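*Asks:* Read top to bottom, the protein sequences are chains A and B.
The numbering of the first sequence is my numbering, which starts it at 1 and goes up by one.
The numbering of the second sequence is my numbering, which starts it at 1001 and goes up by one.
Please note that the accuracy of each hint is not assured.
So the derived label-pair ranges between C-beta atoms look like this [said to hold, decoys possible]: (1) K53/A with G1094/B: 21 to 29 Å; (2) D38/A with A1093/B: 19 to 27 Å; (3) E62/A with P1014/B: 44 to 52 Å; (4) M54/A with G1059/B: 18 to 26 Å; (5) S1073/B with R14/A: 44 to 52 Å; (6) P61/A with S1012/B: 36 to 44 Å; (7) S1069/B with V12/A: 29 to 37 Å; (8) G1059/B with S7/A: 46 to 54 Å; (9) K1002/B with K57/A: 15 to 23 Å; (10) E62/A with K1002/B: 18 to 26 Å.
Some chain A residues flagged as far from chain B (calculated, every beta-carbon gap over 10 Å) [to be verified]: (11) L43; (12) F48; (13) Q103; (14) H104.
The set of hints was computed from the structure by calculation and includes no laboratory data.
Since the model is a prediction, treat every value here as computed from it, not as a measurement.
From the three backbone atoms N, C-alpha and C, an ideal C-beta is built for every residue, glycine too.
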Amino acid sequence: DVKVTQSSRYLVKRTGEKVFLECVQDMDHENMFWYRQDPGLGLRLIYFSYDVKMKEKGDIPEGYSVSREKKERFSLILESASTNQTSMYLCASSSSGGGNQPQHFGDGTRLSIL
Amino acid sequence: QKEVEQDPGPLSVPEGAIVSLNCTYSNSAFQYFMWYRQYSRKGPELLMYTYSSGNKEDGRFTAQVDKSSKYISLFIRDSQPSDSATYLCAMEAGNNRKLIWGLGTSLAVNP
């Protein structure tokens, strides 16, 4: 089974802090994704990466950056945390195998910015 | 208009009922269709995955795709309290790796 592990289940940070969210997958997947999930807004894509050191903006990249130095690890960085970034953050990975391959998710990090 | 529309519910049914969950979409280029189940405080897990039109069955779950009507459905037979969760539909046109998501339907199956 695919295992996507997010480093923290719950995190509380202060406004203005630099925040790092880590995600590791164990299936040698090429593609990795960061989403945030908010009530009434659903899942929104922040950034994704289809290879080491490659990244592409999703639908809401403002205020975020990412890093992918190794294939199995994808980090989301909040450069200067703000209260409107309080949310559930979900990491996912998928293979680049033939056709479309489904995404597999971690259990999320519930981030509160005070 | 959103690319994918999904009634958020909540939907409440008695144990043993047949549940029908639906999504409509506007982009005729979508070819890959997925249903995910998300329990409270957990990440979404893939439930069903279909390509193009037709039906796919897996145990108590059946996924249907009607591309002519731009409509997909998930049926749950003999529903159980353990099926209580939010069900999300997702779809993709192919090769751009980005999924387009419905907002999810909250389902409660009452014993």
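*Asks:* What are the numbers of the hints that this structure violates, sorted from low to high?
*Replies:* Per hint list: 4, 7, 8, 11, 12, 13 and 14 violated.
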